[in-house]
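**Student:** Single-letter residue listing:
2 protein chains.
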Amino acid sequence: MNNHYLNQGCSFEKVSKNILKKNSHCNPWLSFFNQQDSEHQIFSLKQNDIIIFDVNSKLYIILAGCLIVKKVFRNRKKIILNVLTSEDSFGHTQFASNRFYYEVEALDVAQVLSIEYSIIMNICQNYPNFSVFLVNHLLLCSIKANHFMEIISHKSITNRLISLLLLLSEHNGISQNNGILIDLTITHKVLAQIIGSNRVSITRIISKLIHTKFISMQKKKVIIHDPILLSQRFSNR
Amino acid sequence: MNNHYLNQGCSFEKVSKNILKKNSHCNPWLSFFNQQDSEHQIFSLKQNDIIIFDVNSKLYIILAGCLIVKKVFRNRKKIILNVLTSEDSFGHTQFASNRFYYEVEALDVAQVLSIEYSIIMNICQNYPNFSVFLVNHLLLCSIKANHFMEIISHKSITNRLISLLLLLSEHNGISQNNGILIDLTITHKVLAQIIGSNRVSITRIISKLIHTKFISMQKKKVIIHDPILLSQRFSNR
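Each protein sequence line maps, in turn, to chains A and B. In terms of the numbering used here, the first sequence has 191 at position 191, counting the first letter as 1, and numbering is strictly consecutive. In terms of the numbering used here, the second sequence has 88 at position 88, counting the first letter as 1, and numbering is strictly consecutive.
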């Protein structure tokens, strides 16, 4: 895998300020930080790019795309902790120890904003509306983390995969005539990695879902024809 | 099981104001809410007492004890989402749908503070220091939720159980001459329920851990003799 690593100082392709200003009205974080002239950086990540946290004091906010958070132990064992989609955030003060560190991998192209933790706290002190926004955001993140917990708590791999596809369609879905297109190119290997399975099982389940017309493929992306029907037929059995 | 339910209006035994004032200096939430005279309630829960959320707009803060959060589907299927210990919180605006609701069960005696969400937001607007405290608290909660995710992501039930015991010893442990006493009386059945196993397996693993002298029992409570050794020997293999 051709991973690129962002390790504190080193930099990914930074997005030009002009492009950002154009989009800032759609994103409450961006519009606020630009308005207050708060120092922040924005990174464009390609598929499989990885951000590593060994020491840290930054908050990262996903502007676009889909990423997975992993805890990596010094013995190389990795645990997937969450799937992040647009508007999610990650980052806290206690990032690593001599036993482990965290990394975040882009499942497809993504844009991530990073801002110093101390700047965020300073804004909280001075802008009550931002505090309320941030508190609401963090509460929402905890609900989204529960969704991932729910995926993993299914014993059946089929149910895990369907729950994951439904989660992705909710956050990265585009409505089309024939259903919801999940706007991400994710390999079966990566899907397997996320839900704790193997590539062969994922390929078998995907084929079965295509055969029974619950989903179909369009240019390597999944279309769910009827999310409600799919969730009723398979999940929570 | 002789569960007691707290469903919005109905009330558990409320703790007398005098006892609270005595303890409020130890807890930052309590001391702040008392100081500001913010309306809040405190409940004492017995083992297996359950708080149900079908509609809600409150934040719940654990003052003492250990509780498990479950998502309950209308078809009765339950998923354990997290283990909460003292200083954790739970609660958000979107609590239930016609497909599911949440419940929280006390694993042993516990004390929980509840406060209206609107009051919390009002305090955030007016007390910047409280906002910073709350944001830090929510970030810390997300780290603790990751710990539970880590437990469940182990494939081996032995590793899940050891990770859970280590987590409980970290948050409910009392240091003793012979190790760390987990100050909770939890049945093997409940341990099994938390980590997605069965009572027989838990009893077998516990017996093995006692036999190999990693743990011992004291009045139905677990003592971990050397948490670091236990984590090195079993976890993250």
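There's no promise every hint is true.
Identical copies look the same in the list; a pair holds intra-copy or inter-copy alike.
Stated by the list, open to error - Below, simulated EDC-like cross-link-like pairs (lysine to aspartate or glutamate); rule was C-alpha separation at most 20 Å, straight line: (1) K221 with E103; (2) K70 with E87; (3) K221 with D183; (4) K46 with D88; (5) K77 with E87; (6) K213 with D226; (7) K77 with E170.
Hint data in this document are derived by calculation from the structure and do not stem from the laboratory.
**Student:** Look at each hint and say if it fits the structure.
**Tutor:** Each hint, compared with the structure:
no., hint, in the structure
1, K221 with E103, "neither (25 Å within a copy, 37 Å between copies)"
2, K70 with E87, "within (19 Å within a copy, 25 Å between copies)"
3, K221 with D183, "within (7 Å within a copy, 50 Å between copies)"
4, K46 with D88, "within (18 Å within a copy, 36 Å between copies)"
5, K77 with E87, "neither (28 Å within a copy, 30 Å between copies)"
6, K213 with D226, "within (10 Å within a copy, 54 Å between copies)"
7, K77 with E170, "neither (30 Å within a copy, 22 Å between copies)"
When the structure is compared with the earlier hints, violations turn up for hints 1, 5 and 7 and for no others.
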